[in-house]
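Asks: So you can see what is in the structure, the chains are spelled out below.
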Amino acid sequence: MMFNMVQALNQAMAQEMEKDPRVLVLGEDIGVDGGVFRLTDSLLEKFGPERVIDTPLAESAIVGTSIGMAAAGLRPIAEIQFMGFIYLAMNQIISHAARLRNRSRGRFTVPMVIRMPYGAGVRSLEHHSESTEALFCQIPGLKVVVPSTPYDAKGLLVASIRDDDPVIFLEPTRLYRAGRQEVPEELYEIPLGQARIVREGEGLTIIAWGAMIPVVEQAAESVGKDGVFPEVVDLRTLAPLDRKTVIESVKRTGRLLVVHEAPKTCGLGAEIAAFVSEKAMLNLEAPVLRITGQDITVPLAKGEDYYYPSPERVAWGIKKIMEF
Amino acid sequence: MMNGPFQVLAEDGRVRPELEPGLSSDGLRKLYSLMATTRAADLKALKLQRQGRMGTFAPSLGHEACQVGSAFALEPKDWVFPYFRDLGAFMTLGLPLKNYYLYWMGNEEGMRIPAGLNIFTISVPVASQIPHAVGCGMALKYAKEQAAALVYFGDGATSEGDFSEALNFAGVFKTPNVLICINNQYAISTPVARQTAAPTIAQKASAYGFEGVRADGNDVLAMFALARKALEKARSGGGPTLIEAFTYRMGNHTTSDDASRYRQEAELKEWSRRDPIERFRLYLKGKGLWDEDFESRVQKEADDLIGKAVAEAESVPPPRPEDLFIHTYKNMPPELSDQLAELRDFLKREPR
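Sequence order for the protein chains is A and B.
Plus 30 on top of the position in the first sequence (first one is 1) and you've got our numbering.
Plus 96 on top of the position in the second sequence (first one is 1) and you've got our numbering.
Hints listed in this document are in silico derivations from the structure and should not be mistaken for laboratory results.
Errors might be hidden in some of the hints.
[Unchecked claim] Heads up, simulated DSS-like pairs for lysine-lysine below, C-alpha to C-alpha not over 25 Å straight-line: (1) Lys240/B with Lys270/B; (2) Lys294/A with Lys274/A; (3) Lys76/A with Lys237/B; (4) Lys140/B with Lys383/B; (5) Lys365/B with Lys381/B; (6) Lys140/B with Lys126/B; (7) Lys270/B with Lys300/B; (8) Lys173/B with Lys143/B; (9) Lys126/B with Lys49/A; (10) Lys194/B with Lys140/B; (11) Lys76/A with Lys194/B; (12) Lys274/A with Lys255/A; (13) Lys237/B with Lys300/B; (14) Lys270/B with Lys76/A; (15) Lys444/B with Lys126/B; (16) Lys49/A with Lys240/B; (17) Lys309/A with Lys270/B; (18) Lys309/A with Lys294/A; (19) Lys426/B with Lys49/A; (20) Lys173/B with Lys300/B; (21) Lys274/A with Lys426/B; (22) Lys383/B with Lys404/B.
Use the sequences and the hints to build the structure in full.
Replies: Right, dumping it as structure tokens:
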């Protein structure tokens with residue numbers, strides 16, 4: 031079927047729920063309404079209110095009760111309406127979801143997925159444009175997953191649901207309905223922790239994920255006329271990072287540009303630059319460069335373009351690094 | 097509720113026979129022995145801490161009745177979500193004392209709860225375990241199991257958002273939960289009057305649409321009777337109950353705290369007069385179930401158990417580096433393996 035990302039994710043949940051009675055979904059407005067972005071559309075009719083749970087408006091309890099359910103043997107998928115509201119649940123995520131396996135020496139585990147739309151570029155109101163994935167990447171025990179295509183979205187969500195550790199699943203709001211792609215009817219997994227080479231190239235590696243992938247692809251395309259053919263790598267999983275693919279690519283190309291929409295300081299780009307300098311410094315022909323969001327509050331609609339990396343700004347970065 | 101907390105035993109040990117929960121003589125003596133052993137084990141922990149053989153921990157002194165009484169009403173299929181001052185519940189449920197000591201000595205292995213015991217791990221961030229218990233209740237309900245999930249928390253926890261959110265979920269989803277607030281009058285130094293303007297904590301339940309009751313937390317029979325009733329209600333689909341155990345923290349908040357900075361000696365004296373173990377002893381004596389022989393037998397058994405637990409806990413070797421890495425994820429990611437290898441490499445050169 032030709033699916034957009036919303037349809038692909040919806041099908042992943044429906045099919046996993048069909049297959050595994052331990053899987054259930056809960057969150058705000060996800061039942062009758064089908065979720066504010068319709069991710070859980072028609073799940074209530076298919077699976078009933080015991081498995082598609084419209085909860086009170088309380089993010090900490092959505093995550094906290096999911097931890098209790100997961101520890102008791104279920105596989106909850108908790109939806110947080112927007113990434114800007116996940117902060118209310120941070121204590122549950124950091125202090126418990128991420129640590130129960132370790133604290134209990136493996137007796138209690140938290141096979142849970144926390145899904146949420148993230149990211150700017152859609153002219154949204156405040157708190158609806160957050161891209162604070164790095165906050166989660168620093169927490170031992172968490173996995174962080176970000177799809178960039180409908181095909182990857184389905185396979186990554188299936189793998190996340192089946193994973194025995196808690197997964198923060200970030201869905202790029204901007205790509206929900208940005209395009210359609212052939213998505214197989216059957217269930218399939220894309221293993222967590224494996225990056226995808228979106229476009230093979232030479233002379234430069236560009237690392238990105240989520241909503242930045244189409245931006246980077248466009249930029250990479252645009253510099254072809256100047257004889258530059260960058261390699262583009264979609265990380266897909268931010269924690270654990272596929273360092274191997276990154277290092278291999280950089281060793282081949284000799285240059286690295288990281289693109290993310292999160293603020294620059296302490297963004298994941300900093301970690302990537304650091305480990306590349308540890309593992310491949312002598313292969314580098316130019317300093318690692320980052321094109322990112324600014325270290326400011328994500329602006330509202332009128333100022334968003336100053337913040338959000340555009341294909342033009344990425345192309346400008348490519349030019350800078352190639353001219354070093 | 098406003099007529100004072102539910103009591104079966106008055107402070108002088110006199111009983112209201114119509115409220116006695118009908119435990120056998122063996123059962124009553126078992127309650128006594130669990131409370132006495134809990135106290136002895138707790139005092140031993142304090143000694144170990146002062147000797148530098150144990151880290152900072154939260155003493156349970158004064159909590160014996162509310163914990164032993166309520167935990168005694170649990171069945172093996174039920175679940176318990178402790179906070180961090182629950183030695184009485186652990187003793188009652190059969191968590192090896194070695195585990196408890198080992199954990200507070202600073203070894204994660206102590207919280208490896210033996211298979212078959214439905215006890216959750218200790219939760220330190222205040223109130224954060226209440227949503228877990230409610231989620232467990234939702235899972236039990238989903239699985240149509242006739243079991244309940246009981247959670248302990250303190251009076252300070254009732255000010256946290258997780259208390260409110262979790263009780264609201266419990267009410268909305270009518271979960272099989274028993275929520276026990278151990279109101280010991282203080283959250284470190286902050287008195288309960290600074291946590292809430294409500295006359296009781298029990299009454300907070302009505303805002304979430306279910307029953308709340310206040311028990312004399314120093315009356316082991318009152319705690320047992322109320323917990324048993326609430327657990328039966330939960331298991332049979334009657335929904336959650338909040339039980340406020342009105343008691344007193346007779347020790348410091350933790351071994352790093354000095355309660356004399358914020359509370360009066362007279363207050364402690366007054367509460368010592370209401371000692372939960374002493375009260376129950378008077379009751380048992382009145383029934384002819386307690387004498388000096390029984391007492392020395394209980395103390396001897398407690399000493400043996402404690403001595404063995406300390407020896408066992410102290411003989412556990414310190415963790416190896418890999419013990420601290422392997423439970424972060426089900427499968428260790430490559431970056432973690434690299435860090436572990438690097439640590440081992442360093443240790444080989446610079447042994448600790």
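Asks: Run the distance test for Lys294/A versus Lys274/A: straight-line Cα separation, threshold 25 Å.
Replies: holds, 23 Å
Asks: Between Lys274/A and Lys426/B, is the straight-line Cα distance small enough, at 25 Å or below?
Replies: The given pair, whose Cα atoms are some 20 Å apart, holds under the 25 Å limit.
Asks: Lys173/B and Lys300/B: Cα distance at most 25 Å?
Replies: Since the Cα atoms of Lys173/B and Lys300/B sit roughly 28 Å apart, the hinted pair is violated (cutoff 25 Å).
Asks: For the pair supplied as a hint, Lys365/B and Lys381/B, is the alpha-carbon distance within the 25 Å limit?
Replies: Cα-Cα ~23 Å, so holds.
Asks: Under the criterion that the straight-line Cα-Cα distance not exceed 25 Å, is the pair Lys309/A, Lys294/A satisfied?
Replies: holds, 22 Å
Asks: Is Lys270/B close enough to Lys300/B, meaning Cα to Cα at most 25 Å?
Replies: holds, 16 Å
Asks: Is the Cα-Cα distance between Lys240/B and Lys270/B 25 Å or less?
Replies: Within the cut-off at roughly 13 Å; holds.
Asks: Below or equal to 25 Å on CA atoms is what counts here, so check Lys76/A against Lys194/B.
Replies: violated, 49 Å
Asks: Given the hint that Lys270/B pairs with Lys76/A, does the C-alpha gap stay at or below 25 Å?
Replies: Holds. Lys270/B to Lys76/A sits at ~23 Å (cutoff 25 Å).
Asks: Check the hint pairing Lys126/B with Lys49/A against an upper bound of 25 Å on the C-alpha distance.
Replies: Measuring from Cα to Cα gives roughly 48 Å; hence the hint is violated.
Asks: Between Lys444/B and Lys126/B, does the CA-CA distance stay at or below 25 Å?
Replies: Cα-Cα ~52 Å, so violated.
Asks: Please verify whether Lys274/A and Lys255/A have alpha carbons no more than 25 Å apart.
Replies: Violated: Lys274/A and Lys255/A sit about 30 Å apart, past 25 Å.
Comparing the model with each earlier hint shows violations of hints 4, 8, 9, 11, 12, 15, 17, 20 and 22; every other hint is respected.
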